[in-house]
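Enquirer: Given next are the chains, with one letter for each unit.
Protein chains: 2
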Amino acid sequence: MISKNKIKYILSLQKKQVRDEKKLFVIEGDKLIKEFIQSGKRLALLVAKPEFTSSLLPEDKAFIDEIETADLDNLKRISSLKTPHNAIALVPFPEYRTDPDEILKNLCVALDFVQDPGNLGTIIRAAAWFGIKDIVCSENCVEVYNPKVIQASMGAILHVKLHYIKLRQFLSTARKQGLPVYGTVIAGESIYSMKPSKKGIILLGNESKGISEDLMPSVTKKIMIPRFNESRYGIDSLNVSMAASIILSEFTRFKESQE
Amino acid sequence: MISKNKIKYILSLQKKQVRDEKKLFVIEGDKLIKEFIQSGKRLALLVAKPEFTSSLLPEDKAFIDEIETADLDNLKRISSLKTPHNAIALVPFPEYRTDPDEILKNLCVALDFVQDPGNLGTIIRAAAWFGIKDIVCSENCVEVYNPKVIQASMGAILHVKLHYIKLRQFLSTARKQGLPVYGTVIAGESIYSMKPSKKGIILLGNESKGISEDLMPSVTKKIMIPRFNESRYGIDSLNVSMAASIILSEFTRFKESQE
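Residue numbers (the numbering used here), protein chains in the order written: chain A, 1 to 259; chain B, 1 to 259.
These are computed hints drawn from the structure, not numbers from a lab. All residues carry an ideal CB built from backbone N, CA and C; glycine is no exception. Do not take every clue at face value.
Here are some chain B residues the structure puts well away from chain A; computed CB gaps all over 12 Å [unchecked claim]:
1. K23
2. L56
3. E59
4. A62
Cβ-Cβ distance ranges computed for the label pairs, FRET-style [as the list claims (entries may be wrong)]:
5. K31/B with K195/A: 31 to 41 Å
6. K105/A with E95/B: 51 to 61 Å
7. S197/A with P226/B: 15 to 25 Å
8. P217/A with L72/B: 36 to 46 Å
9. K209/A with P94/B: 27 to 37 Å
10. E213/A with M1/B: 39 to 49 Å
11. S12/A with N5/B: 41 to 51 Å
12. E95/B with D236/A: 22 to 32 Å
Rough simulated footprint, nothing fancy, chain A against chain B, three-plus residues with beta-carbon under 8 Å [to be verified]:
13. 112–126
14. 129–141
15. 237–247
Just chain A, with the same shape it has in the complex (with noise of 0.2 Å):
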């Protein structure tokens, strides 16, 4: 059975600061767990019931350098889940570069402070979704590997990798090599009327305050999700996911029909 210390150890990854020293984050679920391993990622530890571990085939194993064993009281110390699942994981954080010119060969999503794990996680969803490879981050977006990111992201976190660099620079590399950068905004061209680009960044912002200011002389065109509804009560605005979703399926739409 696992011990105190180590589930201390695995607590402690709750806290970004000690998730960035150690390299790890955790996972939770039967599922996900096991979309991780059938993917060829490695798990640094697997904490798990009996039931769970034997459900793992010899291959599985390879990926796994340490097994503990664990009862549900344990699972449910350790999880970040009012109902803990059967399993829990470490995994390393992944590596790879980050070069913009690679990012800016195809269509790429770019998050300006977004703020809200959930949304981050729903986003990365969409973005599997719709074959986007990378999300560039603003330095203070919420952090990718956030416990309630990757519950909403689900296994979507294996297929995008998120880039946390400056966006401004970012933006302006791309303005450089005349790549549009498209910004959502309340009063921009119609996403039903526009000819969306096969490549270029859609840049999306923060949940209230939406695209910062210094980063709007870098927007080449900006656009909008019409809204039908003349209401003046009660309807602001579409939730930072829900836009990314309705977006990235105009733009793949557009793209699809073009090929």
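We have chain A; now place chain B onto it with these hints.
Expert: What follows is chain B alone, placed relative to chain A:
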């Protein structure tokens, strides 16, 4: 200052059974409460810090049956949020008829066993944005007056009527009128290649099980959001509220281009 008994009374409304009996629900937050008043909704009770109450105009106050003063401690006790706002209010259930013929005069959304309050709230928000007036819910869907639904829908709840009725009957009424029932499934026609009708029902299913088997025969048109990611791992589905946003955008987009 608000009495202990009144605090207890408000807390009791966190239970669905009590809400149903008193026909009252709770809204929280300065902005949301003002939107309710400004759109002409009556508040049965306002519990607020003096600053909030004094920020109301006399004509606003005419919409409030009873006002109680509270301090932060009181509000903390009443609120369902970690960080309470300056004001909480009780709102009588809106009264409206559920007439399938009336609902079917416009494009509407039907939800089969949607369980997560955040999802329902987000779907209401998307519906309001895209001008949908009615959402028809199976009787086992999460209740619209659940505090988490209200929180997620924000003011959008002012624009959309939710009807909890037997879905099978409702779908069959639509079919008798020759209206399409669009069901979102894994293997359906791409929403990008179909021609959406201006009327009919968009049926969305449960978070993990999709549309229930007994409703599938009522679906006249199976649709899906194409996935642009061929991986076998970690990307099974879009969240139901993202799917709703994308599909409503697509239907509206098409309707607009026809007009």
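Enquirer: Now, for every hint given, state plainly whether the structure supports it.
Expert: Here is what the structure says about each hint:
Interface exclusion of K23/B from chain A stands, the closest Cβ pair being 21 Å apart, more than 12 Å. Once the 12 Å rule is applied to beta carbons, L56/B is consistent with being away from chain A; the minimum gap is 15 Å. For E59/B, the requirement that its beta carbon stay farther than 12 Å from each beta carbon of chain A is met, with the minimum near 15 Å. Non-interface status of A62/B relative to chain A is upheld: no Cβ of that chain comes within 12 Å, the nearest being about 17 Å off.
Here the CB-CB span from K31/B to K195/A is close to 37 Å, well matched to the stated 31 to 41 Å. A hinted range of 51 to 61 Å holds for the C-beta pair K105/A and E95/B, which are about 57 Å apart. In this structure the supplied range 15 to 25 Å holds for S197/A paired with P226/B, their Cβ-Cβ distance being about 20 Å. Hint check: P217/A to L72/B, Cβ distance near 41 Å, so the stated range 36 to 46 Å holds.
Take K209/A and P94/B: their Cβ atoms lie about 32 Å apart, and the range 27 to 37 Å holds. Judged by the Cβ atoms, the range 39 to 49 Å given for E213/A and M1/B holds: they are separated by roughly 43 Å. The beta-carbon spacing between S12/A and N5/B, approximately 44 Å, falls within the hinted interval of 41 to 51 Å. For E95/B and D236/A, the Cβ-Cβ distance of about 26 Å falls inside the hinted range of 22 to 32 Å, so the restraint holds.
Using a Cβ-Cβ cut-off of 8 Å, 4 residues of the segment 112–126 of chain B lie near chain A, which meets the minimum of three, so the contact claim holds. Using a Cβ-Cβ cut-off of 8 Å, 3 residues of the segment 129–141 of chain B lie near chain A, which meets the minimum of three, so the contact claim holds. Only when three residues or more bring their CB closer than 8 Å to a CB of chain A does the claim for the segment 237–247 of chain B stand; here the count is 6, and the claim holds.
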